[in-house]
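Protein chains in written order, with UniProt numbering: chain P, 1 to 441; chain X, 1 to 701.
Quick caveat, the hints were computed from the structure, so don't treat them as lab data.
Check each hint, because a few of them may be wrong.
[Said to hold, decoys possible] Stretches of chain X that chain P covers, calculated by requiring three or more beta carbons in the stretch to come under 8 Å of a beta carbon on chain P:
1) 34–47
2) 135–144
3) 208–219
4) 349–357
5) 395–407
6) 550–563
By construction, the Cβ of each residue, glycine as well, lies at the ideal position given by its N, Cα and C atoms.
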Amino acid sequence: MISQVFILSSKGDHLIYKDFRGGAGNDIVSIFYEKVTALTGDQPPVVMNHKDIYFVHIRQGGLYWVATTTAGSSPFTITEFLNRLAALVKDYCGSLSEKSVQMNFALIYELLDEIVDYGYIQTTSSDVLKNFIQTEAVTSRPFSLFDLSNVGLFGAETQQSKVAPSSAATRPIQSSREQGGKSEIFVDVIERMTVVIGSNGLLMKADVEGEIRVKCYMPSCSEMRIGLNEEFSIGKSQLRGYGAAVRVDECSFHQAVRLDEFDSHRILRLCPSQGEQTVMQYQLSDDLPSALPFRLFPTIERDNGGRLLMYMKLRCDLPPKSAAINVCATIPVPKGSVSLSQELSSPDQSAELKPQSRAVVWKIARFAGGTQLSALFKLEVPSLSSASMLEVGPVGLSFELPKITATGLQIRFLRLSPIQPGPSQRWVRYVTHSDSYTIRI
Amino acid sequence: MPYLGGEETVRELRRALSNPNVQSDPLRYRNTILKVIRTMSQGVDVSGLFSEMVKACATVDVVQKKLVYVFLCSYATLNPELSLLVINTLRKDCQDPNPMVRSLALRNMTNLRLPSLVEYVEQPLTAGLRDRAACVRRVAVLGWAKLHNLHPSSEIDAAVVNELYSLLRDPDPVVMVNCLRALEEILKEEGGIAINKPITHHLLNRLKECDIWGQSEVLRVLQRYRPQSEDELFDILSLLDSFLVSPHPPVMAATLSLFLSISSNLPVISLAALERVSGPLLAACGSGSREMRFAAVCHIQLLLRSVPGLLGPHYKRFFCGYAEPAYIKERKMQVLVELVNDENVAMILDELKGYCTDVNTDTAQAAISAIGRIGRSYSDRCLQILTGLLGLKQDHITSAVVQTMRDLVWVCPQCSDTVCLALDGCEETLQDIQGRQALLWLLGVYGERISTAPYTLEVLIDRVRSEASLGIKMELLTATMRLFLCRPAETQDMLGRLLHYCIEEETDMCVRDQALLYYRLLHCGIEKTREVLQGRRSDPSLGVLIGRPAKPVSQWARCFNTLEPLSQGAVEAESDSRGSPEHVTYNSKPNADLSDTLSCSHIEEVHSGSDSAMRCSDSSTNVLASSIAAPLSLSLSPAVSPEDFEHLWLQRQALHTERGAEKIEEGIKVILNQQPKDDDALRQFLTILITVLNTLSSEKD
Numbered sequence: 001m002i003s004q005v006f007i008l009s010s011k012g013d014h015l016i017y018k019d020f021r022g023g024a025g026n027d028i029v030s031i032f033y034e035k036v037t038a039l040t041g042d043q044p045p046v047v048m049n050h051k052d053i054y055f056v057h058i059r060q061g062g063l064y065w066v067a068t069t070t071a072g073s074s075p076f077t078i079t080e081f082l083n084r085l086a087a088l089v090k091d092y093c094g095s096l097s098e099k100s101v102q103m104n105f106a107l108i109y110e111l112l113d114e115i116v117d118y119g120y121i122q123t124t125s126s127d128v129l130k131n132f133i134q135t136e137a138v139t140s141r142p143f144s145l146f147d148l149s150n151v152g153l154f155g156a157e158t159q160q161s162k163v164a165p166s167s168a169a170t171r172p173i174q175s176s177r178e179q180g181g182k183s184e185i186f187v188d189v190i191e192r193m194t195v196v197i198g199s200n201g202l203l204m205k206a207d208v209e210g211e212i213r214v215k216c217y218m219p220s221c222s223e224m225r226i227g228l229n230e231e232f233s234i235g236k237s238q239l240r241g242y243g244a245a246v247r248v249d250e251c252s253f254h255q256a257v258r259l260d261e262f263d264s265h266r267i268l269r270l271c272p273s274q275g276e277q278t279v280m281q282y283q284l285s286d287d288l289p290s291a292l293p294f295r296l297f298p299t300i301e302r303d304n305g306g307r308l309l310m311y312m313k314l315r316c317d318l319p320p321k322s323a324a325i326n327v328c329a330t331i332p333v334p335k336g337s338v339s340l341s342q343e344l345s346s347p348d349q350s351a352e353l354k355p356q357s358r359a360v361v362w363k364i365a366r367f368a369g370g371t372q373l374s375a376l377f378k379l380e381v382p383s384l385s386s387a388s389m390l391e392v393g394p395v396g397l398s399f400e401l402p403k404i405t406a407t408g409l410q411i412r413f414l415r416l417s418p419i420q421p422g423p424s425q426r427w428v429r430y431v432t433h434s435d436s437y438t439i440r441i
Numbered sequence: 001m002p003y004l005g006g007e008e009t010v011r012e013l014r015r016a017l018s019n020p021n022v023q024s025d026p027l028r029y030r031n032t033i034l035k036v037i038r039t040m041s042q043g044v045d046v047s048g049l050f051s052e053m054v055k056a057c058a059t060v061d062v063v064q065k066k067l068v069y070v071f072l073c074s075y076a077t078l079n080p081e082l083s084l085l086v087i088n089t090l091r092k093d094c095q096d097p098n099p100m101v102r103s104l105a106l107r108n109m110t111n112l113r114l115p116s117l118v119e120y121v122e123q124p125l126t127a128g129l130r131d132r133a134a135c136v137r138r139v140a141v142l143g144w145a146k147l148h149n150l151h152p153s154s155e156i157d158a159a160v161v162n163e164l165y166s167l168l169r170d171p172d173p174v175v176m177v178n179c180l181r182a183l184e185e186i187l188k189e190e191g192g193i194a195i196n197k198p199i200t201h202h203l204l205n206r207l208k209e210c211d212i213w214g215q216s217e218v219l220r221v222l223q224r225y226r227p228q229s230e231d232e233l234f235d236i237l238s239l240l241d242s243f244l245v246s247p248h249p250p251v252m253a254a255t256l257s258l259f260l261s262i263s264s265n266l267p268v269i270s271l272a273a274l275e276r277v278s279g280p281l282l283a284a285c286g287s288g289s290r291e292m293r294f295a296a297v298c299h300i301q302l303l304l305r306s307v308p309g310l311l312g313p314h315y316k317r318f319f320c321g322y323a324e325p326a327y328i329k330e331r332k333m334q335v336l337v338e339l340v341n342d343e344n345v346a347m348i349l350d351e352l353k354g355y356c357t358d359v360n361t362d363t364a365q366a367a368i369s370a371i372g373r374i375g376r377s378y379s380d381r382c383l384q385i386l387t388g389l390l391g392l393k394q395d396h397i398t399s400a401v402v403q404t405m406r407d408l409v410w411v412c413p414q415c416s417d418t419v420c421l422a423l424d425g426c427e428e429t430l431q432d433i434q435g436r437q438a439l440l441w442l443l444g445v446y447g448e449r450i451s452t453a454p455y456t457l458e459v460l461i462d463r464v465r466s467e468a469s470l471g472i473k474m475e476l477l478t479a480t481m482r483l484f485l486c487r488p489a490e491t492q493d494m495l496g497r498l499l500h501y502c503i504e505e506e507t508d509m510c511v512r513d514q515a516l517l518y519y520r521l522l523h524c525g526i527e528k529t530r531e532v533l534q535g536r537r538s539d540p541s542l543g544v545l546i547g548r549p550a551k552p553v554s555q556w557a558r559c560f561n562t563l564e565p566l567s568q569g570a571v572e573a574e575s576d577s578r579g580s581p582e583h584v585t586y587n588s589k590p591n592a593d594l595s596d597t598l599s600c601s602h603i604e605e606v607h608s609g610s611d612s613a614m615r616c617s618d619s620s621t622n623v624l625a626s627s628i629a630a631p632l633s634l635s636l637s638p639a640v641s642p643e644d645f646e647h648l649w650l651q652r653q654a655l656h657t658e659r660g661a662e663k664i665e666e667g668i669k670v671i672l673n674q675q676p677k678d679d680d681a682l683r684q685f686l687t688i689l690i691t692v693l694n695t696l697s698s699e700k701d
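Model the full structure from these sequences, guided by the hints.
Here's what the structure looks like:
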């Protein structure tokens, strides 16, 4: 049971406040904000209580999404609800930010009204909700030259228009109805990698959590068939000889997915509802089919002048045609490091010393597969001792690998039946993110 | 946050709302209303616009209607009279051919929360229960619950209750679940809806039709059901098996709760369910949402109490990601400690070692204390890491290491040699009170083995005038006394100086009294002093980490899938699971709230069965003042923190010891006055009290 739901900006501004059960004081929001900002750090902030009111909150899009409830409620339900609420708001408003929430507050009140009644969750299915939600989303799209670049010369079809712009999937789901917008469907295969590489270069842990996410802008939904790799197998026992078997340890599907063709042909059948939904989730531990995307070869020493020299060689082991983007390596450095001088091997990299997080942050915008970058960092540490070397590392790497899946999962085909009248577009995208990619030194 | 110029805004909005030109233009009208709602959600009081908004309610524009209702429901309680005007429009809307308008009107009619309107609402609600459209029935069913809570005393018509029961068979699953919810609220006095066999089986059969929210609700209500036969029980369990491994954590958790409650007499079944659920729980631990991860890790901790080896092979799943927030890291480390075994100890320690230099000091300290806890079973490896960390010479790390070492030698006295060697030189890096207290304790207890101990103490004694912390001064007194007993020649002079300062110049009563106590104790002779001060140095009974007996599931089943595991502190879990060294419980986490809540009224009597404490006073000095033969009443001033309390107690007890008296009573009677009643604080307090008594008894043994 949920007593109130409110959304706060990171600065504590009230964006949305809805009281379902009544009887709560008006100051409840400020009590929450005081508590959340006064945290000392070792308290678990997901659940906090004030007398017998319990606050459960999540953070998404830089906002606090808070529900107040009683002690006996299920944390899983409330957290899942808040996540779902945030996802719905994102679906309806196009994106999730303080600005979009502020502009669409009427829509969000309307959503909340339909989703929760008297503190009880009624429905969060966008199929049901679309019949009730009347308010149109307000979007602000900042003027950008990139939008112009997609317009071909004299209206001619350019090469660029065959690739969906990255912002294509961040629009409200309902605009397709009123504005006769394009009917599109996006199928994203998103994987998150968690890797720990030991100081001897051995792989200590590798986990991949993946999901297939469908984002549907079709006004009328029809049946969709998603074909996965035929050699896709689940569990450890099902090894099918040689070849490029794609294997995952565990796999679960959305309720609406019908699996009658899955065993024989690896086909998922479903009727997608509008908006975003996770169709399939899977995970794989320890046994990655492809090489790890990154290797680091560090050399760390002290020079005579009391400086710390860190020579980092980072190799990207992706296939040569692909590349990693937004690579960012965080290298913890000894406390008291004062200044950094750097020698980087190419101009598109940057590095800076962040004293408050005690780390050197080395950023590489684009890192092509099969190449190697090196950097030399010289750190001025006044109180350098031999023990300070222990403080260097482990290096955390964050990156994005577009068009690559770590498990090798591919979508063979994507069919809609019956064939949609009018133009419809289907997009399949792959991306692998780093959840936590740690290299010990 | 009140906006500046709120009044001005309200005045402007009123002008716009009553402007006939605006009213005639639907779009402008709607936009003005939109502005009102926006100002409202920013926290400005716009209740003054109530009458204007009531007028705006009568419109065909559904969006505008919805907006106005948002406003009306927020302010209706402030304007009960004006709200009467709305009811007519609402009742008219309840006849609307459009089911959406009907449900909207019905919902908002019940959301106005005005007891005076109840008579107008009942008729449309009754009609709503029989409406053709499911969405109206959903609203109507919950409407009755709202109505009941407006007038909790008044009886709801039995016919309505019957109708609600029959609506459990409604074709729409949400209506069914709402009926459950409404009946639970209406029949709260009688213990909620009657869960009998036909209802249970009906609900179970329709479980698949519900969405995940409905499923978790139904499963929660069914926890009250007790199957009549074993066959029925197994039928239910096998029906629910697919829900147990649901990819949706809410359903999975609700199913497990139900499993645990209906098979509470069959431990084998419960354990099998725990095995089965570990897969989905692990998956939730890797969920994209941090908050979900946290909830899952906290619940895994519960599971581990009963099946310690449950997730042993999956220990790597609890390695912390570098971007995870500290509160998740801390919990994951607690889980890692539980999962340690001979095969993985090297890997886990290696991983934990990496966290010790984390930029977040809380994480670093949690990692160090986790290593210390593993050290109870694998002391050599852990001490090696801990000693290495001292080399970093960083205050927060050194402090955590020293505290961890103190805790470790309390459990494993065989570590003391290594610890004594490692302590050399770390007094220079230590800054915080807790770290220095731990060091002082170690210096006092193991003074004869640490060659530099007198010099370290001497420096501190020379600086005692500028010392601000009470705890340090008292710990310093005790440490110096203890050191004096084993190394009198080196310590005598500084002890004299310290006692002199504390008795003559110190302004704090606690310190002064303690010094006086020691002074008089010394007068009683060195043997007496030794008896009092050189108590137990360790508590081997606390045992090692591995091979701990599993606790029965019933111990935590009640709080599974509630907020309790997420909000309870880590300390409680620790002392609960294996009893940490006594001093930790009250030294490292002084609970400031505790003394606040323990002030007056609400009398709670507790007979602490501390016959051990009595036995000791019996054997050693044979005394207890007659003044405490009568019930001892302790009043805590808010400024007293638990560790101070310990000293107060020590001092009191000891003073009596000294004065000498005749009578002894069986057990100590403690009367606590507490306001408001807070069982948790009381329990915590009692733990501390008992610990103190045990320490006392051990010191005198």
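Now for the hints, and whether the structure bears them out:
1. 34–47: Satisfied; 6 residues make the cut.
2. 135–144: holds (count 4)
3. 208–219: With 5 residues in contact (Cβ-Cβ under 8 Å with chain P), the coverage given for the region 208–219 of chain X holds.
4. 349–357: holds (count 4)
5. 395–407: That given contact is violated, which follows from only 0 residues of the region 395–407 of chain X lying within Cβ reach (below 8 Å) of chain P.
6. 550–563: n = 3 at 8 Å, threshold three: holds.
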